[in-house]
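Trainee: What follows is each chain in one-letter form.
There are 2 protein chains.
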Amino acid sequence: MDGKILTLAGGVGGSKLVLGLANIIDKNNLQIIVNTGDDDLFHGLHVSPDLDTVMYTLAGLANPETGWGMAHETFNLLDMLKRYQAETWFNLGDHDLATHIRRTQLLREGKSLSEVTLELCSSIGIGCQIAPMSDQKVTTVLETSSGTLRMQEYFVKHQCQPIVNKVEYVGSETAEPSRAFDESLNGAMATIFCPSNPFLSLGPILSIPTVKHKLSNLKNRIAVSPIIGGKAIRGPASKLMTELGYESSAAQVAYQYKGICDVFIIAEEDVHLSPVILEMGIEPLVGPILMNTLEDKINLAEFIVSQFND
Amino acid sequence: MDGKILTLAGGVGGSKLVLGLANIIDKNNLQIIVNTGDDDLFHGLHVSPDLDTVMYTLAGLANPETGWGMAHETFNLLDMLKRYQAETWFNLGDHDLATHIRRTQLLREGKSLSEVTLELCSSIGIGCQIAPMSDQKVTTVLETSSGTLRMQEYFVKHQCQPIVNKVEYVGSETAEPSRAFDESLNGAMATIFCPSNPFLSLGPILSIPTVKHKLSNLKNRIAVSPIIGGKAIRGPASKLMTELGYESSAAQVAYQYKGICDVFIIAEEDVHLSPVILEMGIEPLVGPILMNTLEDKINLAEFIVSQFND
Numbered sequence: 001m002d003g004k005i006l007t008l009a010g011g012v013g014g015s016k017l018v019l020g021l022a023n024i025i026d027k028n029n030l031q032i033i034v035n036t037g038d039d040d041l042f043h044g045l046h047v048s049p050d051l052d053t054v055m056y057t058l059a060g061l062a063n064p065e066t067g068w069g070m071a072h073e074t075f076n077l078l079d080m081l082k083r084y085q086a087e088t089w090f091n092l093g094d095h096d097l098a099t100h101i102r103r104t105q106l107l108r109e110g111k112s113l114s115e116v117t118l119e120l121c122s123s124i125g126i127g128c129q130i131a132p133m134s135d136q137k138v139t140t141v142l143e144t145s146s147g148t149l150r151m152q153e154y155f156v157k158h159q160c161q162p163i164v165n166k167v168e169y170v171g172s173e174t175a176e177p178s179r180a181f182d183e184s185l186n187g188a189m190a191t192i193f194c195p196s197n198p199f200l201s202l203g204p205i206l207s208i209p210t211v212k213h214k215l216s217n218l219k220n221r222i223a224v225s226p227i228i229g230g231k232a233i234r235g236p237a238s239k240l241m242t243e244l245g246y247e248s249s250a251a252q253v254a255y256q257y258k259g260i261c262d263v264f265i266i267a268e269e270d271v272h273l274s275p276v277i278l279e280m281g282i283e284p285l286v287g288p289i290l291m292n293t294l295e296d297k298i299n300l301a302e303f304i305v306s307q308f309n310d
Numbered sequence: 001m002d003g004k005i006l007t008l009a010g011g012v013g014g015s016k017l018v019l020g021l022a023n024i025i026d027k028n029n030l031q032i033i034v035n036t037g038d039d040d041l042f043h044g045l046h047v048s049p050d051l052d053t054v055m056y057t058l059a060g061l062a063n064p065e066t067g068w069g070m071a072h073e074t075f076n077l078l079d080m081l082k083r084y085q086a087e088t089w090f091n092l093g094d095h096d097l098a099t100h101i102r103r104t105q106l107l108r109e110g111k112s113l114s115e116v117t118l119e120l121c122s123s124i125g126i127g128c129q130i131a132p133m134s135d136q137k138v139t140t141v142l143e144t145s146s147g148t149l150r151m152q153e154y155f156v157k158h159q160c161q162p163i164v165n166k167v168e169y170v171g172s173e174t175a176e177p178s179r180a181f182d183e184s185l186n187g188a189m190a191t192i193f194c195p196s197n198p199f200l201s202l203g204p205i206l207s208i209p210t211v212k213h214k215l216s217n218l219k220n221r222i223a224v225s226p227i228i229g230g231k232a233i234r235g236p237a238s239k240l241m242t243e244l245g246y247e248s249s250a251a252q253v254a255y256q257y258k259g260i261c262d263v264f265i266i267a268e269e270d271v272h273l274s275p276v277i278l279e280m281g282i283e284p285l286v287g288p289i290l291m292n293t294l295e296d297k298i299n300l301a302e303f304i305v306s307q308f309n310d
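Those sequence lines, one after another, are chains A and B.
For the record, in the first sequence the residue sitting at position 277 is 277 according to my numbering, with numbers rising by one throughout.
For the record, in the second sequence the residue sitting at position 92 is 92 according to my numbering, with numbers rising by one throughout.
In short, the hints are calculated from the structure, not lab data.
Note that the structure is a prediction, hence the values are computed from the model and not measured.
Each hint can be trusted.
A pair counts as met if it fits within one copy or between any two copies, since identical chains are not told apart.
Result set (DSSO-like, lysine-lysine): computed pairs, CA atoms no more than 27 Å apart in a straight line:
id, residue 1, residue 2
1, Lys111, Lys82
2, Lys214, Lys166
3, Lys27, Lys82
4, Lys157, Lys231
5, Lys82, Lys157
6, Lys239, Lys166
7, Lys258, Lys231
Whenever a hint applies, use it, and build me the whole structure from the sequences.
Mentor: Okay, structure coming up:
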């Protein structure tokens, strides 16, 4: 066991807690592993929506209103792409596009996504360690009432409207955890599951071979519910879980982490679910999981860290 | 002979006359062939500086102050690329970058540069036919006092400061004229050499195998001097010609087109060069070659067209 705190994150929900953690944990010890199941090509550019959201958040560049994209953003390039009759349903700002152009170029030069992420983060002054879940391509694909959709198609183009029958992580079976992820899996002193969508954000991370097995050997594994009173704090988690035939509840999220989670933090509203969660071998714990202000984020981070045992 | 008017153009100088011509010639008959020796990759994107300048000019999108780039342009993406420590000496605006992103994507999809150019032009409402000189890569390379430089390195990064010893068109020997170019070469009713740099803009076009030979069989071949009184109207033509050991004069430009040019239009100031030009088998003709206003451009275009014989 080293001092590393492994944090598994998706996009906006994940980045909120990550920001709280980055404010209280020594940057050298905070290893953030981000979902790349949403990664996609737009206009030939490699876009990593969740990596971008976490990066922009930690660099203080994020749009505080949306949670994704950059603050003070302009969309001149996209306007021009529209004139060229390109498909422009995926919103890409001018500053944001610099990230995708740079990432694509560095990947084409033969660097891994981990190396590229490190380079981008260092350029914009991010001290903590952010890495993709894998350097291989894993694509979250949804079988829906509107056909087979990739994540951003479902999320942005179709606004989460189609009914989802199945979620798959294509490429996952042959992917490996990125080196930073694997190192943390081999001895992190604690693991935090951010309040991200268990199927669309943390699901892809957990689908990579060896990940669940290695997590089962760690301790201080703490998850935060993205659901309060049966409703997702944000995003389509609740609708999606129902469509997949699951109950939309914090307990159901906890169940997804059965065997790899010690403590599951829920809202006061969900205290009645405690016995069910306990039966899974997970300790339910009421905590301040709703994060709006920076103070909320730091509060939750401190609450989580206070649960760690040596 | 068909009704096609083949126009050979470089960047800013070329685009001025092209705009004049587009105002008076039936768009279906105006075939503009543009130098692509300046084409280069920036941030992994295929930039065609001269094609862009001609396109933006004809679409009414060009920056009237610089002659290149777009009007009302912003540079937010480039600012962000700077933060990512990318090399940003080549000015790329946000709107302009849409062109490069779209072109690069369409090329990667397997389209030829001719096809891509056609598609871009049609999207922004350009009716006349613009095509690259070739669909193969031809790169203008300069041997200089600062080492071997590609065109934009020489032009933008080094601001034309290095002394040029040699100009080469790398890839030219195996390149072919684009289909549109070849069709015009096989029977245009007239050919216009825009007042572009004879070595850096029209040189690459003329270096492609078969081009000079086919031009030698055409008639109504009219060139416009880019030099007045020994000085280039714009750009480094004068400095470059001197460095290459040539006299910096309209006559020297005419000499570059010997055997493929019938009429060479010069400024009043250069009327004393008429005997020398005549000796080359080219008819010197004083005309309104200085183009500032749109009226000037149309005037010169009309003057040229009035020289055509059946």
